[in-house]
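Relying on the hints, combine the two individually framed chains into one complex.
These protein sequence lines are chains A and B, in that order.
Note that my numbering gives residue 3 to position 3 of the first sequence, counting from 1, and the numbers run on in steps of one.
Note that my numbering gives residue 1079 to position 79 of the second sequence, counting from 1, and the numbers run on in steps of one.
Keep in mind that the hints were calculated from the coordinates and are not lab data.
What you were told as hints is all true, and nothing was included just to trick you.
Which residues of chain B face chain A? A few of them, derived with a C-beta cut under 8 Å, are:
(1) F1023
(2) V1158
(3) F1160
(4) S1162
(5) V1184
(6) L1275
For lysine-lysine, the following DSS-like pairs were computed, each having C-alpha atoms within a straight-line distance of at most 30 Å:
(7) K1228(B) with K1137(B)
(8) K1356(B) with K65(A)
(9) K1356(B) with K1137(B)
(10) K1356(B) with K1228(B)
(11) K65(A) with K1137(B)
From chain B, some residues computed to sit far from chain A (all C-beta separations above 12 Å):
(12) A1047
(13) F1109
(14) L1117
(15) M1220
(16) S1286
(17) E1299
(18) I1310
(19) I1313
(20) T1387
(21) N1392
(22) L1395
Backbone N, C-alpha and C fix where the C-beta goes; we use that ideal spot for every residue, glycine too.
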Amino acid sequence: MWPLTDYRLHHEGAIDPTLLSWIRSILDQFFGSGLLFVIILSVLILIVTVGMILMGRRARNQVSKNHSE
Amino acid sequence: MSSLFKKTSNIFYGWYIVFGLAFVTFLDMGARQSFGVFVHEWELEFATSVSSISIAASIGLVVAGLAAPLYGALIDRFGSRVILLLGASLTGVGYLLLSLIPNVFFLAFVWGCIISLTAGGISITVVTVTVARWFDKFRGIAMSVLLSGAALGGLILVPFSSYLTDIVGWRFTVIGFVLLYGLVAIPIIWNLVQNSPASVGLVPDGIGDKDTKQTVGPVMPPPLEVTKWRNALNSLPFWQLSLAYVVCGVSTSIISVHYVRWAISEGISSTQGALAFGVLAGVNGSVLLLVGWLSDRIERRVLLGTVYGIRAIGFLCLVVLPPAWGLWAFAIIGGGSWLSSVPLTSSLTADIYGLKQVGTLTGLTNCAHALGGGACVWIAGTVFDTTGSYDNVFLGVVIALIVAMFISWSVQERRFSGRYQITDTELTGVAAN
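Just chain B, same shape as in the assembly (with noise of 0.2 Å):
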């Protein structure tokens, strides 16, 4: 254990935040994800329908989206560690809250407004934001890790939820997740999360923190850096940034809701609806990794606009190719683009606008992410029950994400990000020769 130990010491601290967090998010992700299992127990027991219990989801889906912006702001303020822990210590009690409602207006009120509110405090928003900070050169692989987490939670504590359910009872179900926050997520944050490497004496990447010594001198801050953050919004990269995560959020949330229902409504089984989403699902964590490795080597705006190209190719598979072929070639091609486009924007708007107001401009973009998917997922929905197809829908997802995708490769990346600014020590040998 002691030679483990000493293995491990050498590597940069960051890491060590990283994996604590893509456990929490897991964790999160997971516990947030088991609704599903719940909806037909509460069913049952409080006497009412899937369309009263919808009206919880649904307030909470839009009480967490415009809670993004405001967690932002708040990391930024007061940093990641002190949000991180507020929000993973109210979940908890929102949880606890959860396994005693009475009815389904508690339900409402407990879910849509108090555990989607303070659940924000551990969300997708804080977590990315707290990684951005401790990594410059190696922020696209580290998000992508991340994010891992999120993608493993919902396919592996779902059925532990379920299963649970089944042995204990949803209340006791839910008891369980309130020990999950208390006795895994919150001690991983009180002893793991720093708010920046400064705090304890590193540099981003770690790397010249042997001996605590920098060898590389400070960045060159971005040009476009800000102190405000409303001064992003006079900016055009920001908003080519918010536009295609928009898009982003569209194609995920309708393809989330519509795969299985398309697939049915084209004769395939729902089995086998539900088995190509398992495929997208797996096929998305394995790219993930990738598209972060490679987002650090070559220009993430490249890699950015690639993604809704790749996406557009797959929903445009879904109209073209006869169902079963469709079914598996979206399976492939859109589980590769899937949540790649997460660690991308928001690795760009970190590299673009700097650390100091990152929080509240990557919760603006998730906000918009949110509100936009929710919206459009509806839209969809009618669309289907009007014409009895989901062809149109489809088409104008392939059209919007191709516009998505030149927009990302619009962004002038070279110009604007903080990567490409040439360093203090670059500098001062420059001049010197």
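This is chain A alone, in the form it adopts within the complex (with noise of 0.2 Å):
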């Protein structure tokens, strides 16, 4: 069953347990604990999510007024 398990674990870009523990040791010298790392990534994702939606909805509404003119 192991070629499956690793399969689904692995499928689509894979992360390999001893990949993710040298990531993790390289993360560790930079932000030092795990939590900096989570509160940062986390403060980014919501940054990323509230610029994509503003400037979307801006260029939507551009679009539409040039549509509807």
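Right, here's the structure in full:
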């Protein structure tokens, strides 16, 4: 059964447990603790989301305006 | 801020959809690939084995593969926007249920059936078809930007899930995914995604959309454009693209699972093997964008065949080079061809068969990709267990990739692709002359 398990775990852009440990060891050097990484990434995700929505809405309104003219 | 908005208002609206969906795919892939982070937690909490947990994964694999054509047909019928919204909402509910499961049987049901089925609504099939409808001339680069989100999702969000699990436990980490779907994916889809350029008064690529006056005549439909997906089954390009794509699934799936194991069997440390896989993923992201950019300038079939050919050389390196050299050669050569076949195949399908049934057709090819890949991963494991070596497996993949290369090169793109059909405007000009 292991091949299918691994396949699912690795599907579409693999993350191997060893690779994950390696990535974490690098991140630990930069952020010191996982908590800081989690907070920074969460804030970034929120900023990107709000930015995308605002700019997208602005662009869509512009398109609608041009279309109605 | 207002000047930023002013500048961005000149950007074609389709690019907002591309970046929005790339971000949603980034989150979705990260959440799905975090399954691996939870395996050890489930093993301890449910007092079960990895084999039992793997049943959930296996069911999920089959369900997701079979759901692809179904979702393709649904977006052809109802449009992408409603399917993406439903997919993101129901997947969020699925993760909420996952956070409540009491044992491994519920894991098999919730992950294997519910999440794997509902996540099909925001899968690669659905997002690529959505983007295909917004672009014609720049379809290749748009697809590549979209898929770079998938490539980054695992690398960034899986460590995030891993840390979060250490801090708050796996159940609250899964609730974090619910928040990502509810507060990020759904609002982005709701605010940005539209079914087609025509639905907001634009034309594909935005060419001539200034002041909404079209300066380019309507493009002649490709000769093989289908209004019923079954008609595509009677034409050669569909089988050429699908067969080559199955080989793509076989090669990527085998290497995903067996690359690190191969490294260990050759006396290379698992850390080095995993690091090489990380390099492969990084090279993949950069080359993906380059291939997308090139595919808008030269024939896509040529690039697609070349991608398979390069991948065959990568596999050959694993067999003929000393293991330490082969490991890194494959990381760079294989990485350069890793996801590049996806935007090329999806774009060619849309170019040749038009946009009316592109969802179903892309879903069918993705289904073959997933199921073929899953089956061959199992076969490769069995061959290794029997012979103690991956050489025969990798040589078999090299031969299959060479066949896929010639099949791709033999697609008559200039004859069948909409990109090479003369437009009405050009036709009028020719007639006048």
